[in-house]
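**Q** Residue numbers (my numbering), protein chains in the order written: chain P, 22 to 476; chain F, 236 to 490.
Just to be clear, a hint being listed does not mean it is correct.
[Said to hold, decoys possible] These stretches of chain P come out as covered by chain F in the derived footprint (C-beta under 8 angstroms, 3 or more residues):
id : segment
1  : 68-81
2  : 121-130
3  : 162-171
4  : 388-401
Source of the hints: derived by calculation from the structure; they are not laboratory data.
Predicted, not measured: the structure shown is a model, and the values here were computed from it.
A virtual CB, placed ideally from N, CA and C, is assigned to each residue, including glycine.
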Amino acid sequence: MRELKISTSWVRGVVGDALTPELVVHFAAAFGTWVDGEPVVIGRDTRRSSNMLRAAVCAGLMSPGCEVIDLGVCPTPLVSFAVRELGCAGGISITGSHNDSEWNALKFVGPDGALLNSVRGEELLDIYHASTFAAAPSDRLMPVTGAPQIQDRYLEHLLATLNADPIRQRKFTVAMDFCNGACAGLAERFLQELNCKLLPIHAQPKEVFAHPPAPTPSNMGTLVSEMRRSRADLGAAVNIDGDRIAFVTGEGFPLSEEYTLPLAALGRLARRPGPVVTNLSTSRMIEFVAREYGQKVIRTFVGESYVMDRGFEEGAVLAGEGSGGAGALPATTTFDALLTLGLILETLAGTNSTLTTLAGKLPHLAMRKGELPCEPDQAHRALEALRVAYQDRSPDCTDGVRVEWEDAWMHARVSNTEPLLRVIVEAGGEDRADCLFEEAMIFARRAPGKEKGAK
Amino acid sequence: MTNPLSLKISLAGVRGVAGTSLTPQLVTSFAAAFGTYCGTGSIVVGTDTRPSREMLTHAAVAGLLSVGCTPVILGIVPLPTLQSHVRKISAAGGICITASHNPMEWNALKFLGSDGTALRANQFAELTDLYHQGLYPRVSSFRIQECRFDDSAVAAHRETILTAINEVAIRSRHFKVAIDCCNGAACKATPEFLKALGCQVIEVNTDPCAPFPRNPEPAGRAHRGGLHARACPGPRAPPPPRAGCRQHVDEPDGR
């Protein structure tokens with residue numbers, strides 16, 4: 022099977038037959054046409070295939086006359102920052118992000134530094150599908166250049182967003198697992214500026230990543246052992262392009278990626294009151310924190326571009342998802358793992374507490390996440406079956422089917438990245454979560470046509 | 236508006252107006268087809284001085300990497316230097332990105348076999364068949380190679396030539412040579428070569444960053460005026476070449 026997924030803010034696929042350099046040249050030429058030949062920032066992650074895709078992106082962008090400002094190996098939030106700082110027309114981050122080594126993707130950044138929203142993304146896709154790209158005359162082609170000072174300016178920006186002095190006084194020790202990704206160099210400098218000691222794990226680029234890159238407790242084995250051995254103050258795991266992060270306590274207890282957003286909110290809302298935006302699939306812990314500070318939580322579609330877009334619309338101070346991605350608005354226009362780490366260090370320093378005590382302030386909720394393999398034509402039948410089954414609870418059908426109870430919620434939606442139906446349940450107790458989850462899975466499996474399609 | 240029929244695929248290469256008919260997509264596909272044709276291994280890539288060189292190099296490199304080849308990038312080099320380098324490093328083949336005597340806005344891919352010579356008719360037919368079938372055996376992420384950059388080709392080529400000619404005899408004559416490189420690929424290599432032979436060199440149009448000052452075609456007298464004026468200043472112009480005042484005219488690809 023040729024695994025390729027195209028959405029309005031990215032093109033993602035398995036490198037080889039699906040994500041070919043021709044497809045990437047086409048998309049880059051479409052993007053260059055969309056920005057009218059204005060300068061574009063690019064960056065890439067540490068994957069071997071990223072070098073090949075970089076060549077294809079350069080060729081495609083140069084053709085409509087774009088100057089390509091290549092930041093080399095760098096996290097996606099730096100590409101976003103550079104677009105804003107240098108006043109560029111857009112950016113392309115070449116990264117498979119949280120996907121495994123054999124995958125790769127292009128993430129498209131608009132002139133505001135955010136991933137393309139659905140309106141902009143549809144324009145890009147229309148240009149791509151029409152296959153008529155601008156071509157600058159030979160004597161107007163621009164070279165590939167760099168932006169040597171941009172890392173320094175980005176670090177200055179991060180430090181200016183944070184209250185850095187109390188963090189510096191605490192002299193934290195932070196163990197960090199980079200999964201051989203693009204974030205390592207920048208994180209080292211960032212923590213140095215904050216007077217923290219870094220214990221790096223998997224900090225060198227590698228062909229095959231040391232573990233799957235999504236920052237979830239199941240991928241935190243090495244980090245947990247390191248925490249138990251070193252007794253660092255904080256453990257953190259980031260994904261390949263530095264937009265998702267999750268934490269391990271000083272005692273070596275891994276916190277699920279669902280904790281990232283509410284932990285960041287604990288300090289952020291205290292210092293800067295305002296609404297929080299998240300998606301329909303994220304834990305209710307965030308509502309608990311927001312209520313403490315008298316703020317509201319707004320929920321929207323799943324996906325960074327929807328969440329950040331809505332965040333700016335609502336004047337939010339924080340936006341994030343249960344995947345471990347979070348961003349403090351308006352300081353950043355994408356999810357930013359380093360800034361999120363900074364927010365948490367700031368809270369630890371400001372309240373003179375440990376991560377264990379911070380996490381202890383959050384309610385203990387039980388979550389179940391499951392998936393049902395679905396051919397593309399079956400997923401929507403399964404969703405319809407769920408909608409009918411929960412009709413008396415008036416389900417929210419904004420993005421899939423979401424049902425609420427006093428003490429629980431269930432959200433089922435079609436995956437953006439795989440042929441799956443994702444089902445998430447959260448409840449006040451373990452038994453209740455098990456029960457609601459099993460119930461939802463039974464309803465989804467009973468969808469008409471499912472048996473016919475199954476082998 | 237460019238003539239959409241300006242693409243020309245023939246034994247002389249895949250030629251067109253860069254960006255409009257010779258698009259980066261086409262170049263990526265042809266490079267992938269050529270990499271497939273050569274089997275995995277090193278493929279030497281060099282260019283002339285045309286402004287589309289960087290864009291098309293990126294496009295060719297992407298196609299070569301996707302089928303598991305190792306691109307060896309020489310930068311701006313004369314075509315014979317690239318040919319010589321294919322043999323020297325035992326590469327599987329070479330791609331020269333040059334439209335030779337065509338105007339500035341054109342460009343082309345010239346494909347060289349492992350012996351450094353241009354593909355013969357039957358070989359080129361196989362390559363175009365591969366291109367038209369469009370199914371290139373892409374390698375998985377882990378088998379993608381790294382690009383290599385090699386700036387030793389010009390010096391290596393010079394040494395090869397110097398050992399093949401009677402260097403001492405040439406040196407003893409202290410020739411004075413005027414050379415018009417048309418701001419092409421031989422801008423650096425040819426004056427260096429002449430200096431290595433003890434010649435006094437009068438350089439005309441040797442700025443690789445400047446546009447072509449004339450029609451790059453060296454045949455015909457009309458555009459040799461500048462060279463005559465520099466080489467043989469005098470009241471009567473253009474005079475015929477005289478002994479001790481040798482001329483040489485290069486095409487942009489340095490043949």
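**Q** It remains to establish, for every hint, whether it holds in the given structure.
**A** Hint check results:
no. : hint    : verdict
1   : 68-81   : holds (count 11)
2   : 121-130 : holds (count 4)
3   : 162-171 : holds (count 3)
4   : 388-401 : violated (count 0)
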